[in-house]
Structures are given as structure tokens and as C-alpha cells.
Amino acid sequence: MKLSAVPITAIKALRRNTMRTLLTALGIIIGVAAVITMVGLGQGAKSEVEEQVNRLGQNVVLVFPGARQLGGVSIGGGSANTLTVEDAHAIRDEIPEVIAASPEVRSQRVLVYGNRNWFTRIYGQSADYLQIRQWPIESGEMYTEEDVERAALVAVVGQTIVDELFEGADPIGETIRVRGLPLTVIGVLAPKGMSLMGSVQDDIVLVPYTTAFQRISGRSHAMVINVQVFNQQSMEIAQAKITDLLRERHGLAPYQEDDFTVQTQEEVAQAATETSRVMTVLLASIAGVSLLVGGIGIMNVMLVSVTERTREIGLRLSVGARGRDVMLQFLIESVILCLLGGLGGIALGAIATELIASYAGWPALFSTEAMFTAVSVSAAVGLFFGFYPAWKAARLDPIEALRRE
Amino acid sequence: MEADFSAVTGQHFNMAVIDLQHITRTYTSGSVAVHALRGIDFTLQAGNFVSIMGSSGSGKSTLMNILGCLDKPTEGRYLLNGTDISALKRDELAAIRNETIGFVFQNFHLLPRTSALENMELPLLYKRDPLSWKEIRQKAAEALEIVGLADRMDHTPSQLSGGQQQRVAIARALVTSPKLLLADEPTGNLDSRTSLEIIELFQRLNDEGLSILMVTQEPDIAQFANRIIILRDGLIQTDKQVQKRSAASELQTWKDESESLS
Ligand SMILES: Nc1ncnc2c1ncn2[C@@H]1O[C@H](COP(=O)(O)OP(=O)(O)O)[C@@H](O)[C@H]1O
Ligand SMILES: [Mg+2]
Chain A
1321 MKLSAVPITA IKALRRNTMR TLLTALGIII GVAAVITMVG LGQGAKSEVE EQVNRLGQNV
1381 VLVFPGARQL GGVSIGGGSA NTLTVEDAHA IRDEIPEVIA ASPEVRSQRV LVYGNRNWFT
1441 RIYGQSADYL QIRQWPIESG EMYTEEDVER AALVAVVGQT IVDELFEGAD PIGETIRVRG
1501 LPLTVIGVLA PKGMSLMGSV QDDIVLVPYT TAFQRISGRS HAMVINVQVF NQQSMEIAQA
1561 KITDLLRERH GLAPYQEDDF TVQTQEEVAQ AATETSRVMT VLLASIAGVS LLVGGIGIMN
1621 VMLVSVTERT REIGLRLSVG ARGRDVMLQF LIESVILCLL GGLGGIALGA IATELIASYA
1681 GWPALFSTEA MFTAVSVSAA VGLFFGFYPA WKAARLDPIE ALRRE
Chain B
-12 MEADFSAVTG QHFNMAVIDL QHITRTYTSG SVAVHALRGI DFTLQAGNFV SIMGSSGSGK
48 STLMNILGCL DKPTEGRYLL NGTDISALKR DELAAIRNET IGFVFQNFHL LPRTSALENM
108 ELPLLYKRDP LSWKEIRQKA AEALEIVGLA DRMDHTPSQL SGGQQQRVAI ARALVTSPKL
168 LLADEPTGNL DSRTSLEIIE LFQRLNDEGL SILMVTQEPD IAQFANRIII LRDGLIQTDK
228 QVQKRSAASE LQTWKDESES LS
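Protein chains in written order, with the working numbering: chain A, 1321 to 1725; chain B, -12 to 249.
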């Protein structure tokens, strides 16, 4: 058959049944859009995690309570009570490579200011925590070591707290309450960003860890110790020294395992990236299933179409079409149907990605890679699911086909 | 000497276009067997114009389908231009249907919801040596012009009368300039004036060398051929040469008469 006539014939046939074409394409549109959106979300999450981990600060080592978990790492994990405030002090004072160490304790609490409430996380940290995180103060000031020593009832708040609890007004000097405990706001943290992860980071209250331990959390042990090392070159030696020091302090015999885990920022990043990669694959496979369902829809419609157009096929064969001409015609029809769905899916996927990114605040990347994959996958779906109906059409006998009602 | 030469070139001055040797066709639907053709022998020399007559159910359409390489005989040999059709593959048969034979179906078989012009283009699209779009358009338009439907190019079959659809079907059979025209009751839906015009066209093409086999129920239409074959119950009952009447002169007489009437 004249090659340029193949797509023209296919498009004419599809246009003759516009409604069916659109509905069939819809299956593919949804499948492709799902794939693109899911991959976009997954990749957005991944890049966000990477950035967040990078923002942990420079040359940071994290010490978690509890043994290293099999095959992986525990971010913020440990429920074990093995790290004390004194451990943190010892790390800071006895290891020359370490410049700062902050024992961390987190609690989720409702803050009250006037008649407003806000549910947030309260972090107990040392006075040099902001240095470790390299997080500047926007106004007011950070609490001092003296405040820590006397468990002062002071707090430094993130931007989200200012927005939600103080409705944007200057909170310095105001008193907020946590279960009746009055805390005076003495500083506001610089905002971390607009994205979901950014605003999560801004939804924070910092208090001296002493205050947190004694008055807020009810805990006695640190959940993490954030450690800042002098420079990049000293990271490994610092890790080794921290391990030795803590083993000694915890009185561990040589045959006993560590009851804590020392991790660098890179290790944490790797774990987080791996987690988000697994999530991306998972999301994409779920979306892939819907693409498969769309493909089966195409096959169904093409089979119906072959049956309905048996006479047309008979006529084409009788005026000289070869089996392969008929086959090509139906294959191309199915591929065009799928490509149509693929393009629609890209548009829908882009819109969905954009909407989710802006409304839900979930980070999303519109990936061109996902786009190309989606288009080639939809063409492949068209070929694959169009093949059987096309083959069925090509095998027909001309006179039999013409006689069929 | 002459025979050797023809074997090499595949052409023979007196070679039969069609040579049927004891063709039978039996339809079996379930346990019932219908013997539609029960042994047909005949040859058609190039340049002949043959009418096939016979009552309904006598096997005319069955015979035409076999001749048109659309169907295969149950038994017997069919040589088309000396080639045994039964030895050919699907694709080779398709090529013959496309290039050698023009077929007019009894019930037209036009593509629905498709313009007359595009129906014309259909056989041209399947030519083994592809034509340019320009040539395709041109040939399609010419074919419609020949049957007097130049002004109906954009009409779909449902927008055409039965007679017009039949003329589109005839034009489609002629559009590839075949050597052999097989027409199953091509004037069955036409008024006598239009029938005469179509027969006049057939006679003109026949004079230019086209071999024609035409099924018809109407004795006076059959008279325009130079040979009449009458089928009965799947067998040839009569096969006779006749003096061909001229459709052109009858058409002229008709025109003269209608002019004198008005
Ligand atoms: N596809 C078919 N299956 C079974 N019987 C058929 C089929 N086509 C035709 N016949 C039978 O074969 C005989 C010849 O039919 P046909 O060639 O169509 O006759 P005609 O064209 O002369 O009217 C009839 O008895 C008809 O019923
Ligand atoms: Mg018939």
C-alpha cells in the first residue's frame, strides 16, 4: 500500500467514530498521565530529600541510639535509650576534631498563644545547634549556653509558627504556652523555603535541651546527637573516635555490639535517596498497571472494530490489498490511538504534576525522561495490543469477509 | 517456432485470457452441500465481450467470484492468461485482483461514509508501483467522469441513488485500467437509458481491447455482447456467438426519439 496513505486511512477511520476513539484513548491518557505524575512526584521527592540532607549542614555526623539496623540505616530511628546528655558533652569536649555537639530531643505539642493553637514539633537542642545546621536567625537571637544551663523558659521559633500562631506579627518578647508552661520567644529562624519540605522545616520550635528534657518531653535520653566536625578531612577519624569514646563510656566489652550508630550526612543521604527511589519505582509500577489496563481497552476496541469492518476489509482485499496492508492499517490505527492517548496523557500529567506541586505543596519534577518513556511505551502498547486484532483482520478471506453481515 | 516464442515472452496472440477446465464449486454449510457449479468448461479469448445469463441461483455470482480470484473452485483448473491460479499465493492473487481484473460487485460494495472520489482511490492505493497523490487524484476523477459522476465526487454512497452507486462501482473497477472486466449485473439498478450508456462505455472499452464478462438478467442487454452463455443449475446450458448490437447507434436513436418528443 502507498505508505503515506496508511496514516491518513487510519486517522479517517478513527475520526469516523470520534466518541469511541476518545473514550479508548482516555484509558491510555489516564495511564500515561499517572505514570508521568507518579514519576514526577517521586523524582521531586528525591531531589527534595537530597537537598534537605545537604542542608543538614556541613561536616555533620549524626549519632543515633541503638545498633545499626540490618542492611540499612535508621534515620531519626532509635527508640533505645542509650545516648545521654553527658555523651554529647564528652564528644564535644574530648574529641579535638569536634567543634559542636547537640543532644536532640523532639516532642509533638500544641502551642497556645492568646486564643490560637498550633500543633508543632518542639526540638530540644544545644545553643550551638544553629551553627551545626548553619541556620541563620532572622530576628532576635538564639538562646545561650547559660540559658541551657539554667533550663531557661525561652524559645526560638520557625517561620511557620510566626505565620500560624502570630499571624505574621512580630513574636519577639511574647509568651507562648506548652501545656501551661510559659515560653518567651526570643528569636525567629530564617525561613527555609516554599516547598513542602521547606515549610516542614520551618514548622519548628527550638528550646534549650535542658528545658525540653525537664519540662516538656519527659524523656531522659537524647534521640540523636548532632555533631559538627572541624573539617571534611577529619570526618572519618572523628567517626572512629566517637565510636571508641561511646563504647568506652557505655562500658561495652569487645564482643558486644555498638549500642549506637554513627552516620555521616552522606550515609543518611544515601538511605533517604534509596527510600525515595524505591517509592518512585513503586508509584511508577502502580501507574504502569493503569497503562496496561488502557492497552487492553485498545485491544478490545480494535477487535470490535475488525469485526465491524469485516466487509471493509473484504473490499480492500478484493481490490488488491495484501494481508500485510490490512495488518499495517489496523496496527497503525492502534498505534495512532495510543500515541493520541500518550500526548493527551503528557498534557494531563503535566497539569496534574503542576497542580499537586502548587496546591498540596508536594514537590514534583516534570521529567522529560518520563515523557519520552510514556510516549514510547504507549506506542509499544499500541503495537502490542493492536497486533492480534490486526493479524486477525489480515487473515480474512476476501469473499468470506464480503459476505459477512 | 511460434510456440517457443510465446513461452519466453508469456504472450500469445491467440492465447485465452480465461481457460476454465471442469470447474466445480460446492458450498457446505453444516451437513448440507450446495453444488453451485457442477463442471464448467469454457475459454475466453482476449478482446471478447461475453454475457452470462441464467435464472437466480444458477451459479452466476459463484462463477464470477472464482473468475475474479476472490474464491477458489472446489475442483477444476482455472488458467488466467495461461497461469494456473490455484498455484498462486495470497499476495500474488491480490496483485492480480489489483492490476489485471476489474470487478463490479452485484451489490456494489462501496466503502460507507466515504466519498465517491475516495472510493475511486482505493484500488490505486494498493498498486504495487505506488502512484503519486497527484496521479491518484487525477485517475480517480477521470474514472468518475467516465461514468458521468464528476459532479458527485464528494458524495458518500448514502447520498447517492442506487444507479449512481452502481456507476461508482463500475468506475472503481475501471480505475486501474484492467485487462479483464468482470461485472456482476452491472445494470441491474439502472434505468434503460443509463444502462445503455454503460453498455456503450463497455463496448467502447471492448473495442480498445478490454475483455469483458458481464452477468445480466436482461436479454436485450445481453445482446450487446458477441457471445452469450446461459447457466442452469451450475452447468452451461447454452454457449453461442451472436451478432453484437451497437449500443452507440441505439443510444443515438434514443436521443433522436426523445428530441422529437419534446
Ligand atoms: N456462501 C454460500 N453458502 C452456501 N450456499 C451458497 C453461498 N453462495 C451461494 N450459494 C448457493 O449457490 C447457488 C448459486 O448461487 P449464486 O452463484 O449466488 O447464484 P446467482 O448469482 O446465479 O443468483 C445458490 O443455490 C445459492 O443459494
Ligand atoms: Mg448473483
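Calculated from the structure, these hints are not laboratory results.
Be careful, since some hints might not be right.
Said to hold, decoys possible - Listed below are the simulated DSSO-like cross-link pairs for lysine-lysine, each with C-alpha atoms no more than 27 Å apart in a straight line:
hint, chain 1, residue 1, chain 2, residue 2
1, B, LYS76, B, LYS59
2, B, LYS242, B, LYS166
3, A, LYS1322, B, LYS231
4, B, LYS126, B, LYS231
5, A, LYS1322, B, LYS126
6, A, LYS1332, B, LYS227
7, B, LYS114, A, LYS1322
8, B, LYS76, A, LYS1712
9, B, LYS59, A, LYS1712
10, A, LYS1322, B, LYS166
11, B, LYS59, B, LYS126
12, B, LYS114, A, LYS1712
13, B, LYS126, A, LYS1332
As the list claims (entries may be wrong) - Far from chain A, some chain B residues (derived; all Cβ distances over 10 Å):
hint, residue
14, VAL4
15, ASN35
16, ASN52
17, ASP58
18, GLY63
19, ASP78
20, ASN85
21, GLU86
22, PRO110
23, PRO117
24, GLY135
25, GLN146
26, THR163
27, ASP178
28, ILE217
The C-beta atom is built at its ideal place from N, Cα and C for all residues, glycine as well.
Against the structure, the hints come out as follows:
Annotation: proposed proximity of LYS76 (chain B) to LYS59 (chain B) holds, straight-line Cα distance about 12 Å (limit 27 Å). With a C-alpha separation of about 31 Å, the suggested pair LYS242 (chain B) and LYS166 (chain B) falls outside the 27 Å cut-off, and the hint is violated. A hinted pair counts as satisfied when its Cα atoms are at most 27 Å apart, and LYS1322 (chain A) with LYS231 (chain B) does not qualify at roughly 41 Å. The hinted pair formed by LYS126 (chain B) and LYS231 (chain B) fails the criterion: a straight-line CA distance of about 30 Å is larger than 27 Å.
Only pairs whose Cα atoms come within 27 Å are accepted, and LYS1322 (chain A) paired with LYS126 (chain B) is accepted, the gap being roughly 15 Å. Straight-line distance between C-alpha atoms of LYS1332 (chain A) and LYS227 (chain B) comes to about 49 Å, which puts the hinted pair past the 27 Å bound. Restraint check: the Cα-Cα separation between LYS114 (chain B) and LYS1322 (chain A) comes to about 8 Å, which is no more than 27 Å; the hinted pair holds. Straight-line distance between C-alpha atoms of LYS76 (chain B) and LYS1712 (chain A) comes to about 18 Å, which keeps the hinted pair within the 27 Å bound.
Taking the CA atoms of LYS59 (chain B) and LYS1712 (chain A), the gap is near 21 Å; set against the 27 Å cutoff, the hint holds. For the suggested pair LYS1322 (chain A) and LYS166 (chain B), the alpha carbons sit about 22 Å apart, so the restraint of at most 27 Å is met. A threshold of 27 Å between alpha carbons decides the hint, and for LYS59 (chain B) with LYS126 (chain B) the separation of about 31 Å lies outside it, so the pair is violated. Distance restraint check for LYS114 (chain B) and LYS1712 (chain A): the Cα-Cα separation of roughly 23 Å lies within the 27 Å cut-off, and the hinted pair is therefore satisfied.
About 21 Å separates the Cα atoms of LYS126 (chain B) and LYS1332 (chain A), which keeps this hinted pair within 27 Å; it holds. With a least beta-carbon separation of about 18 Å from chain A, VAL4 (chain B) lies farther than 10 Å from that chain, consistent with its non-interface assignment. Annotated as non-interface, ASN35 (chain B) keeps its C-beta farther than 10 Å from every C-beta of chain A; the closest such distance is 23 Å. Look at ASN52 (chain B): its CB is around 5 Å from the nearest CB on chain A, not clear of 10 Å, so calling it non-interface is violated.
The Cβ of ASP58 (chain B) sits about 5 Å from the closest Cβ of chain A, inside the 10 Å cut-off, so the non-interface label is violated. Remark: the non-interface label on GLY63 (chain B) is consistent with the geometry, its nearest Cβ contact in chain A lying 17 Å away (cut-off 10 Å). Look at ASP78 (chain B): its CB is around 5 Å from the nearest CB on chain A, not clear of 10 Å, so calling it non-interface is violated. Non-interface status of ASN85 (chain B) relative to chain A is broken: a Cβ of that chain comes within 10 Å, the nearest being about 2 Å off.
GLU86 (chain B), annotated as away from the interface, has a beta carbon of chain A within 10 Å; the closest lies near 7 Å. Under the 10 Å C-beta cut-off, the non-interface status given to PRO110 (chain B) relative to chain A is violated; the minimum distance is some 4 Å. Against the 10 Å criterion, PRO117 (chain B) falls within the reach of chain A, whose nearest CB is about 4 Å from its own CB. Look at GLY135 (chain B): its CB is around 22 Å from the nearest CB on chain A, clear of 10 Å, so calling it non-interface holds up.
Non-interface call for GLN146 (chain B) relative to chain A: holds, since the shortest CB-CB distance, roughly 15 Å, exceeds 10 Å. Listed as outside the interface, THR163 (chain B) is inconsistent with that label: its C-beta sits roughly 8 Å from the nearest C-beta of chain A, within the 10 Å cut-off. Non-interface status of ASP178 (chain B) relative to chain A is upheld: no Cβ of that chain comes within 10 Å, the nearest being about 26 Å off. Here ILE217 (chain B) stays apart from chain A, with its beta-carbon at least about 24 Å from theirs, past the 10 Å limit.
When held up to the earlier numbered hints, the structure conflicts with 2, 3, 4, 6, 11, 16, 17, 19, 20, 21, 22, 23, 26 and fits the remainder.
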